[in-house]
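A.B. asks: Listed here are the chains, written in short residue letters.
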Amino acid sequence: MSALISLFLKLSAFSAIAFGGINALLPALYDLSVNQEHWLNTQTFADFFAIAQAAPGPNLMTVTLIGWHVGGIIGAVVASIAICWPSSIMVYFLQGYLNKLRNQIAKQTIQFAASALAVGLVLGSAWDISQQINHSLAAFALTLLAIAVVILTRWHPLYLIVMGGALGLLGFIYIHTLDLFRRRYAIDKKDCLSAWYELCSFLNCFCPSGLSE
Amino acid sequence: MSGFGGVLPWARRTVVEQERWLSSEEFNAMLGICQIVPGPNIVNLAVCIGSRFAGVPGALASVLGLMLGPSVIVILLGMLYEHYSYLPAVQGMLRGISAVGVGLIAGTGLKMMRNEFSFPPMLLVVAITIIAAGYFQLNLGWVVLIASPLAIFLGWKKAKQI
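Same order as they appear, the protein sequences are chains Y and U. With the first letter of the first sequence counted as 1, position 104 gets the number 104 in the numbering used here; the numbers rise by one all the way through. With the first letter of the second sequence counted as 1, position 78 gets the number 78 in the numbering used here; the numbers rise by one all the way through.
Rather than coming from a laboratory, the hints here were simulated on the basis of the structure. There may be inaccurate statements among the hints.
[Said to hold, decoys possible] So the derived label-pair ranges between C-beta atoms look like this:
#1 U/Y84 x Y/L101: 47 to 55 Å
#2 Y/E37 x U/Q161: 50 to 58 Å
#3 Y/E37 x U/P121: 41 to 49 Å
#4 U/E82 x Y/I74: 15 to 23 Å
#5 Y/I5 x U/R114: 44 to 52 Å
#6 U/L124 x Y/H38: 14 to 22 Å
#7 U/K160 x Y/I73: 52 to 60 Å
#8 Y/A148 x U/P149: 31 to 39 Å
#9 U/A127 x Y/I5: 29 to 37 Å
#10 U/K157 x Y/L170: 25 to 33 Å
#11 U/P121 x Y/I74: 30 to 38 Å
#12 U/H83 x Y/N99: 44 to 52 Å
[What the hints assert, rightly or not] With a Cα cut of at most 30 Å, we get these calculated DSSO-like pairs of lysine-lysine:
#13 Y/K100 x U/K160
#14 Y/K10 x U/K157
#15 Y/K100 x U/K157
#16 Y/K107 x U/K157
[Claimed, not checked] If we take Cβ atoms under 7 Å as the criterion, some of the chain U residues that face chain Y in the derived model are:
#17 G39
#18 A54
#19 A106
#20 I130
#21 A133
#22 I146
#23 A151
#24 A159
For clarity, every value in this text was computed on a predicted model and none was experimentally measured. Note that the Cβ used here is the ideal one computed from N, Cα and C, for glycine as well.
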């Protein structure tokens, strides 16, 4: 029971500070669930992340899986609600405020600015994730193919996911999920300057500090 | 409303391309607001879209609709995973799916970018955001802080121009 309460309180606090969505939250989530609370180990965390990415659904399903790991079905429900409610209430009132705003120029300014930021954040996070999980040419080719299909056609995304799964099943794709966490976590723990140094040394090595499974 | 399920690419496809609940511009603006507020973007988006059409009940319905199906699927997958995670085939499959998933996100982002061409200076904001978030991997709170002054200035210019 106390584990469930702590799950709820900690995740609620996270939701209120998680600028930029779940991908930005992941390193802090890792710190909490693996290092502080010992809810699960590094390998399980990385695999839960991969499953949440693979499953059709929001990527906050990582949180749902951690909740499930901690407290079964009830844990999953508690974790999902905890991660949603603070920001949902915030955005509900912000939306209401914007709809009531009389000044058309101010309203449009906010919307245009937010829209450009959104486009940038979506593309930036796609770039970020692709750098880290695509460790083979085949994986990059598959990503590019998916981009082309999304832009040029109106196919259902499911076809692509099935195709990706089939190619992976046959052993064409190699991705090190664990690497993603090691690097994200290392960078997020430091300030911008040391992140920059880290980036330079990373580029100098010219290869990801390999975790060869 | 509660049929609304899935990540961003699916959401845009359903809301804009199929059901036409929102225009492409409205969708971008709404998503933008949801991304500058902390918390899971897609849940925030469900709250926005739901509350716009049916107030608080609409918001609750769309969040439930968004979460319920995927939660059940993901927990079933979690159970399967506990039994079969050692198989190389399972690991390979997860990798292939992740690679496609990234492509879906990027493709959706590029589609959203089409709207920004109506006011080309705004592309500068897009570029700065991409570089800060994708190349420097800054914490997204920082990215928003860095890019928003220019975004608000250009947004104001664009609003006056129209």
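A.B. asks: If a hint holds in the structure, say so; if it doesn't, say that too.
C.D. replies: A quick look at each hint next to the structure:
1. U/Y84 x Y/L101: 47 to 55 Å: Given about 53 Å between the Cβ atoms, the range holds.
2. Y/E37 x U/Q161: 50 to 58 Å: holds (52 Å)
3. Y/E37 x U/P121: 41 to 49 Å: Because 47 Å falls inside the window, the suggested range holds.
4. U/E82 x Y/I74: 15 to 23 Å: For U/E82 and Y/I74 the Cβ distance comes to about 18 Å; the hint holds.
5. Y/I5 x U/R114: 44 to 52 Å: The hinted range 44 to 52 Å holds for Y/I5 and U/R114, with Cβ atoms some 47 Å apart.
6. U/L124 x Y/H38: 14 to 22 Å: violated (46 Å)
7. U/K160 x Y/I73: 52 to 60 Å: holds (53 Å)
8. Y/A148 x U/P149: 31 to 39 Å: holds (35 Å)
9. U/A127 x Y/I5: 29 to 37 Å: The hint (29 to 37 Å, Cβ to Cβ) is violated, given that U/A127 and Y/I5 are roughly 45 Å apart.
10. U/K157 x Y/L170: 25 to 33 Å: violated (52 Å)
11. U/P121 x Y/I74: 30 to 38 Å: violated (51 Å)
12. U/H83 x Y/N99: 44 to 52 Å: Holds: the Cβ-Cβ distance is about 49 Å, inside 44 to 52 Å.
13. Y/K100 x U/K160: holds (20 Å)
14. Y/K10 x U/K157: violated (42 Å)
15. Y/K100 x U/K157: Distance ~22 Å between Y/K100 and U/K157 Cα, so the pair holds.
16. Y/K107 x U/K157: Cα-Cα ~13 Å, so holds.
17. G39: Since chain Y brings a Cβ to about 2 Å from U/G39, closer than 7 Å, the hint holds.
18. A54: violated (12 Å)
19. A106: Holds - the Cβ of U/A106 comes within 7 Å of chain Y, reaching about 4 Å at its closest.
20. I130: holds (4 Å)
21. A133: Result: holds, 3 Å to nearest chain Y Cβ.
22. I146: violated (10 Å)
23. A151: holds (4 Å)
24. A159: holds (4 Å)
In this structure, the earlier hints numbered 6, 9, 10, 11, 14, 18, 22 are contradicted, and the remaining ones agree with it.
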